[in-house]
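Undergrad: Residue numbers (my numbering), protein chains in the order written: chain A, 1 to 388; chain B, 389 to 946; chain C, 947 to 1248.
Mixed in with the good hints, there may be bad ones.
Unchecked claim - Listed next, the stretches of chain A that the computed footprint assigns to chain C, with coverage defined by at least 3 CB atoms under 8 Å from CB atoms of chain C: (1) 22-30; (2) 59-71; (3) 92-106; (4) 194-208; (5) 211-219.
No wet-lab data here; the hints were simulated from the structure.
Since the structure is predicted, the reported quantities are computational estimates derived from the model, not experimental observations.
Virtual Cβ for every residue (Gly too), placed ideally from N, Cα, C.
In case you want the letters, here they are:
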Amino acid sequence: MRSTGSTMLLTGNHAAAYGAMLARPKVIPIYPITPQTPIAEKLTELQLQGLLNAEFITPESEHSAMAACISASLTGVRVFTATSSQGLLLMHELLHFASGARTPIVMANANRTPAIPWGFWADHTDSLAQRDTGWIQFYTESPQEALDTVLQAYLTAETVGLPAMVIFEAFYVTHCLEVVEVPAQEAVDSYLPPYEPEVKLDPEVGRSFGNVVDQKMYFQHRRSLDQAMERVFETARNADEQWRELTGRGYGIVEKYKSDDAETVLLTMGSISGTAKVAVDNMRKSGLSVGLLKVRLFRPFPVQELRRELQGRQRIVILDRNFSPGCGGILHQETKAALYGMKNVPPVFGYLAGVGGVNVSPQKIEEMVRSALRAAECPVKSIWAGDE
Amino acid sequence: MPKAAEVIPTIWTTLWSDANNTGTWRTAIPVYQHRLSPCRLSCPVGGTIPVWADKLRNCEFYEAWSEIVANNPFPAVTGRVCHHPCESACNRSQFDEKVSIKLLERYLGDLALEKGWPLPEKGLAKKQRVAIIGGGPAGLSAAYQLALRGYRVEIFEAKQMPGGLLRYGIPPYRLPREVLDCEIDRLLQLGIQVHTGSAINGAEEYRRLQKDYDALFIATGARRPRKLHLSGSDFGIVKDGLDLLFQVNSGSDPKMEKKVIVIGGGNTAVDAARVARRLGAEQVTIVYRRTEAEMPSQESEILEAREEGVEFLFLASPVRIEKEADNGYRLICQKMRLGEKDASGRPRPEAVPQAYFPLEADQIIMAIGSDAVIPDISEQPALNGSLLKVDEKQETSVEGIFAGGDLTSTERFVSSALGAGKKAAEHIDQLWAGSLRNDNSDNYGEEAVTYKEVNTFYFSRSQAVKNNLLQATERVQNFQEVQLGISEGQALSEAARCFNCGLCVQCDNCFYFCPDMAVKKGNSGEKEYSILEQYCKGCGLCVKECPRGAIVLKEESK
Amino acid sequence: MNDMTKVKSYEIQEEKIFLPGHSACPGCAMALSLRYILNTMGPNTVGLIPPSCMGPIMGAQPYSSMLIPIFHNSFESSASSAAGIKRALKARGKDDVNVIALAGDGGTYDIGLQALSSVAEHNEDIIYFCMDNEGYMNTGTQKSSSTPRYAYTTSTPGGKKTKKKNIVEIMAAHRIPYVATATIGYLDDLVYKVRKAKEIKGTRFILLLIPCIEGWGFPENDVATMARLAVQTGVFPLYEVEDGEKYTINHGPQGLPIENYLSRQRRYRHLTKEQIAEIQCEVDRNWRRLEKLASLFSFKES
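Start from the sequences, fold in the hints, and give me the full structure.
TA: Here you go:
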């Protein structure tokens, strides 16, 4: 056991692995897929080193991996898994299953472009396309944040009884090396209590799970799922606060960067946020009143936070590293819906920047902001980057 | 922070399905029913074969024998001479071979004699007196059943000893005297009085009996041999078969010639032939006008006769007796052929014109049947052909006078006589006791269990036990019993072959095969079964898997 | 050999694991099989049921017909979910708890085969019971890859053109410790196999033939007879394969022509003489092959 914290040079994958290790999962069903494979590799290494004591299952597909996660979680143990794009999509049926079953599974997802065409590039479409499945979603931008969020995700998930995804991008985060503070096991133990639900699959408990229900029962069930989702805001905030107290690091559910007095506010998710912060600094130097909000908790969508923060702004510029055909940028769409009915709602520009993993430079971001500032009208549709 | 468990909604089960009464689904429900079996239906005394076979299989020897003697006081006798319609009806014969029920009955009969088991006690004494005329099987059976019910019974037997054809008709090599005597004596222990040498003749005597007794049962048999008037009968070589048997069975040692012809096809004919062999005849031929298939005699008798050197000549009929030049005789016979079926259901024998042939003979024995002598119970008692007529209560046209056996029936079988006596006794009892007290108080259902209702998966094919016989060459030397019976081990394994049609033997199959656990076994060692009505869906799997049709599905009206 | 007038006792722990009041069709062979499986496995068991006839038998919320906990997994994941439960129990120090999957043929031969193969390759410590009624019966008799050739289903109204998959050989090829076939027509044999499987560690697979009253078309009191006919005609021999190699034949065909089996089922009513002959040929060939396999290794018992 690691009794003292340490500072290591870690990739995003390995940082997530260390986060998982510290959470002491008992069962890890996991299937490899580029770019997530180092997560499983690191976890097995840690097990061999005696730092982890888990039952590893290596099923034949991600679908089976998620199936094992759900059933193991219902048997009353903490589980962990990780996947990416194709694997996540293959799990889709069971993602609904997991949230319906109220299993507090934590899964790391490496954002990768879904086929066809084949690619391994950073794009949030894979996890955003799961936004209706009832999973809590955290979008992180760095190896450190990934590690920290894994633990926060467990605490949040196990408190409200919903599964959670900790999401970071292919290569930009998964393979990016960074100095990471890995907390001591004892510290994490004081933060995250053991997972010991009373009701579980066990002959001593005797109850069965998952029978067919009638319409009214189903309605009720969905409603209580909604209630659980509502509790996530406060729970996630508290989890983040406690983590800050423990480690000095906190992120909020929406991170603010020089946005308090900004007339124009950029909204981003994921690693593009770092680049956008540079762009914000540049633009501010040239006299533009610009700030940034990084959406970290995407599900449940932080409606109240955004309505509060975006009240009275001149312009909102949203950068989407994803694309939903027939709809446009997903953050764009969700934000507009969140702001609907607000008095003096500012025009919300959405840019499809970074779709397919294309590089988005600070200059590019600046161009998009300036274009938005110049525009006479705000288009309803999301704008493909380059068309501005 | 609240624990996750508190917020889990009710998608975990909390109740159990046994609150759901699936019994409302069904339209029929299984009912356990002790049903009739074909063997029992065919038995003239109503023998409950599956019941006693089950007891025998479980080594409950006394209980098995007790079950038999409720209906038949002479199992050691019938176990030797009965024509076993039960075996012909046995469902098992459609699977591999019939169960050798007769051998089992004999085994138990002999065992009882060995152990000295008494018959059930006489019932509570009643005031009525019944006279029985004729101490043969019918009369003895009637006496038995009446005594069991408490009546005072007196038998009037013409001959010196009771037994009728059992004693005087069946030779000792088929029915040893000790066996017969033991079983009759055991019966008479019930306090039945027998007046031997007391023939009842004439209307006067019958009227006196009617006055002195509350009911009469007449079973005087068919003791008048039929005669065939052949030209040449006065040569003196013709003897009556029944007379021959009577002589032999009375202990005398009649002379027998060397070349003997026996005319006839029934048991009397075959017995006469075998007796002739034992008395020294060297060549014995049975001449019968039909073929072997139509012979009324039992198959085993024919087989044993053949083994003992008796020859058979079929489709031949005697015409006349002629004297030969050298003091010998010959019988001229005519060839016969089979024609249409006659009243007895057998093909009518038709003479083939001009087809005569001679047979050498020193002695000719006639055994072509016998007729009843109608008793003078009234001016004109109702007749059934040449027999005394009785209704289904065995009552004659004279009130209070019952009859049975060969006197009233063409079924010349021992068991039929026993059955008739039993039936008459039951109906006589009804005259005074009111309701018909017999063993039909249970609901047996309408039909006997058929072979289709037996689930043969639960049985493996095996051969029926065969009787042990004396060597044929040994047999003709004397009158020793030919059929030796079977051992205890053979009896137990043969009893195990009985399907027990219609009788629940607690094999638990119904319990094992219910998908709804709706068959309950009794509590505290008592192995009855009950159907849980709130769950039974009426699928009938228990009925199908009952190896012996002891459960039926009954429609339920809602 | 004496007559079996008494059936052997199975020492069923009194009937409290599987409760009456369940929604199986009257006379259902699956319910009957379940009775013996559950009572032999005992109360220290967790079961899994995918979408199948087992669903209604198990119950609708909030009722359960089984005293052991049952998890209703998704259709394709019976095996993988079972592995998850077993590993979780092991992690909780409860390795003695039996984990059994009760899947249909659809969830085994078709959509669940992938997960099952993986679990078998891992030799996960579970017993997988395939309740094979040769079709998707719960949804109204559609074909599965377990449906035999020429059988009518609603998705093969002219008779299925392809042969039934041999799942026993597939599982045996994984070299798992125990594979067996069983059916309720032979209760002794079924219970013997469940008991034997219970004592073995690793992946155990038992294929149960479940004659389906509705789907195959025969009277509701005939399930045991139909199961026996399947064995006696050679369609479904009862045998075991241990470690993928040791074949033991328990009950083989008794020379009964296949017509005795086919003619009693509505799903075969349309068969031509040629088709019947083909089926007979196939059954005979499969049996000869099985006999050869059994004799290949020196441990054959009879």
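Undergrad: Work down the list of hints and note, for each, if the structure agrees.
TA: Tested hints:
no.	hint	result
1	22-30	holds (count 3)
2	59-71	holds (count 11)
3	92-106	holds (count 3)
4	194-208	holds (count 7)
5	211-219	holds (count 5)
When each numbered hint is compared with the structure, no violation occurs for any of them.
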